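Q: Sequences listed follow chains X and W, in order. For the first sequence, the working numbering assigns the number 387 to the initial residue and increments by one for each residue that follows. For the second sequence, the working numbering assigns the number 123 to the initial residue and increments by one for each residue that follows.
Hints are computed from structural coordinates only; laboratory data are not their basis. Just so you know, these numbers come straight off a predicted model, no measurement behind them. There may be inaccurate statements among the hints.
As the list claims (entries may be wrong) - Within a straight-line C-alpha distance of at most 25 Å, the following computed DMTMM-like cross-link-like pairs (lysine to aspartate or glutamate) qualify:
(1) W:K163 with X:E394
(2) W:K220 with X:E394
(3) X:K446 with X:E402
(4) W:K136 with W:E227
(5) X:K435 with W:E227
(6) X:K446 with W:E227
(7) W:K163 with X:D441
(8) W:K186 with W:D210
(9) W:K136 with W:E174
(10) X:K490 with W:E185
(11) X:K490 with W:E227
(12) X:K490 with W:E181
(13) X:K442 with W:E174
(14) W:K163 with X:D470
(15) W:K186 with W:D149
(16) W:K136 with W:D187
(17) W:K220 with W:E144
(18) X:K454 with W:E209
(19) W:K163 with X:E428
(20) X:K438 with W:E227
(21) X:K490 with W:E209
(22) W:K142 with X:E428
(23) X:K454 with X:E428
(24) X:K490 with W:D210
(25) W:K220 with W:D149
(26) W:K188 with W:E144
(27) X:K435 with W:D149
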Amino acid sequence: GNSVTQMEGPVTLSEEAFLTINCTYTATGYPSLFWYVQYPGEGLQLLLKATKADDKGSNKGFEATYRKETTSFHLEKGSVQVSDSAVYFCALRSTGNTPLVFGKGTRLSVIA
Amino acid sequence: GAVVSQHPSWVICKSGTSVKIECRSLDFQATTMFWYRQFPKQSLMLMATSNEGSKATYEQGVEKDKFLINHASLTLSTLTVTSAHPEDSSFYICSARKVAGAYNEQFFGPGTRLTVL
Numbered sequence: 387g388n389s390v391t392q393m394e395g396p397v398t399l400s401e402e403a404f405l406t407i408n409c410t411y412t413a414t415g416y417p418s419l420f421w422y423v424q425y426p427g428e429g430l431q432l433l434l435k436a437t438k439a440d441d442k443g444s445n446k447g448f449e450a451t452y453r454k455e456t457t458s459f460h461l462e463k464g465s466v467q468v469s470d471s472a473v474y475f476c477a478l479r480s481t482g483n484t485p486l487v488f489g490k491g492t493r494l495s496v497i498a
Numbered sequence: 123g124a125v126v127s128q129h130p131s132w133v134i135c136k137s138g139t140s141v142k143i144e145c146r147s148l149d150f151q152a153t154t155m156f157w158y159r160q161f162p163k164q165s166l167m168l169m170a171t172s173n174e175g176s177k178a179t180y181e182q183g184v185e186k187d188k189f190l191i192n193h194a195s196l197t198l199s200t201l202t203v204t205s206a207h208p209e210d211s212s213f214y215i216c217s218a219r220k221v222a223g224a225y226n227e228q229f230f231g232p233g234t235r236l237t238v239l
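One chain only, chain X, in its complex shape (with noise of 0.2 Å):
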């Protein structure tokens, strides 16, 4: 089945440290791909997504790049700051109307 494997955290970075967050990803076919994140006391919100191979999302400075070859969606960030801080969750879809699969998330604290 599909199945989605992302870095266990906690992730401590300080401010202006460059993050990545690694996820791997098994599935048949050629899903989407997705990174939500999720603050404090909110709900998840889509951080960016890429739908075929070697697309490259990116939002407010993340960046994560559909890498078929090795079934990778590896999430960056140049400069992390405080506002930051957050679970990450790494996410795919397969096909059609079928739900998203979650990685188990990656709690990063940034700080100053």
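On the provided structure of chain X, position chain W as indicated by the hints.
A: Below, chain W without anything else, positioned relative to chain X:
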């Protein structure tokens, strides 16, 4: 973006009682709603998918008689945990999708924390 609300945000109940959780899409019509359960330090596990006006489709291992889902309108779905027990304590999250299609976004509610004593 579209807004999904859940009510209540948290609930504490005694073992054996039933609890109803509401999920509403506030500014769009949701043809499909999903219910997820999240355990501490774990991922969101899909419980069921419901389409307005039809019976919910439950994931393997989810008891349909225990977790009753009703999607009576295009803006409201409810999850009722019947005869709740401490092992049902969890964080329940609903998600709504605007229209059917391959890449239409799912919007998430803030979740409901259920504690069964």
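Q: Evaluate each hint against the coordinates.
A: Cross-check of the supplied hints:
1. A threshold of 25 Å between alpha carbons decides the hint, and for W:K163 with X:E394 the separation of about 9 Å falls inside it, so the pair holds.
2. At most 25 Å may separate the alpha-carbon atoms for a hinted pair to count; W:K220 and X:E394 exceed this at roughly 32 Å.
3. At roughly 14 Å between alpha-carbon atoms, X:K446 and X:E402 fall within 25 Å of each other, so this suggested pair holds.
4. In summary, the hint linking W:K136 to W:E227 is not supported, as the alpha carbons are separated by about 36 Å, beyond the 25 Å threshold.
5. Taking the CA atoms of X:K435 and W:E227, the gap is near 10 Å; set against the 25 Å cutoff, the hint holds.
6. A threshold of 25 Å between alpha carbons decides the hint, and for X:K446 with W:E227 the separation of about 18 Å falls inside it, so the pair holds.
7. In summary, the hint linking W:K163 to X:D441 is not supported, as the alpha carbons are separated by about 30 Å, beyond the 25 Å threshold.
8. Proposed proximity of W:K186 and W:D210 is supported: the alpha carbons are some 14 Å apart, at most 25 Å.
9. The straight-line distance between the Cα atoms of W:K136 and W:E174 is roughly 31 Å, outside the 25 Å bound, and the hint therefore fails.
10. Distance check on the hinted pair: X:K490 and W:E185 sit about 23 Å apart at the alpha-carbon level, within 25 Å; holds.
11. As the CA atoms of X:K490 and W:E227 are separated by approximately 20 Å, the hinted pair is consistent with the 25 Å bound.
12. Using a Cα cut-off of 25 Å, the hinted pair X:K490 and W:E181 holds, with the two alpha carbons roughly 18 Å apart.
13. The hinted pair formed by X:K442 and W:E174 fails the criterion: a straight-line CA distance of about 34 Å is larger than 25 Å.
14. The hinted pair formed by W:K163 and X:D470 meets the criterion: a straight-line CA distance of about 19 Å does not exceed 25 Å.
15. At roughly 29 Å between alpha-carbon atoms, W:K186 and W:D149 are farther apart than 25 Å, so this suggested pair is violated.
16. For the suggested pair W:K136 and W:D187, the alpha carbons sit about 19 Å apart, so the restraint of at most 25 Å is met.
17. Taking the CA atoms of W:K220 and W:E144, the gap is about 17 Å. The hint holds against a cut of 25 Å.
18. Distance hint between X:K454 and W:E209 is unfulfilled; the C-alpha atoms sit about 39 Å from each other, more than 25 Å.
19. With a CA separation close to 16 Å, the supplied pair W:K163 and X:E428 stays within the 25 Å bound.
20. Pair hint X:K438 plus W:E227 holds up; C-alpha atoms about 16 Å apart against a cutoff of 25 Å.
21. Annotation: proposed proximity of X:K490 to W:E209 holds, straight-line Cα distance about 20 Å (limit 25 Å).
22. Straight-line distance between C-alpha atoms of W:K142 and X:E428 comes to about 20 Å, which keeps the hinted pair within the 25 Å bound.
23. About 32 Å separates the Cα atoms of X:K454 and X:E428, which puts this hinted pair outside 25 Å; it is violated.
24. This hinted pair checks out: X:K490 and W:D210 have alpha carbons roughly 19 Å apart, not beyond 25 Å.
25. A hinted pair counts as satisfied when its Cα atoms are at most 25 Å apart, and W:K220 with W:D149 qualifies at roughly 10 Å.
26. Of the supplied pair hints, the one linking W:K188 and W:E144 holds, its CA atoms being roughly 16 Å apart against a limit of 25 Å.
27. Pair hint X:K435 plus W:D149 holds up; C-alpha atoms about 23 Å apart against a cutoff of 25 Å.
Violation of the numbered hints given earlier is confined to hints 2, 4, 7, 9, 13, 15, 18, 23; the remaining hints are satisfied by the structure.
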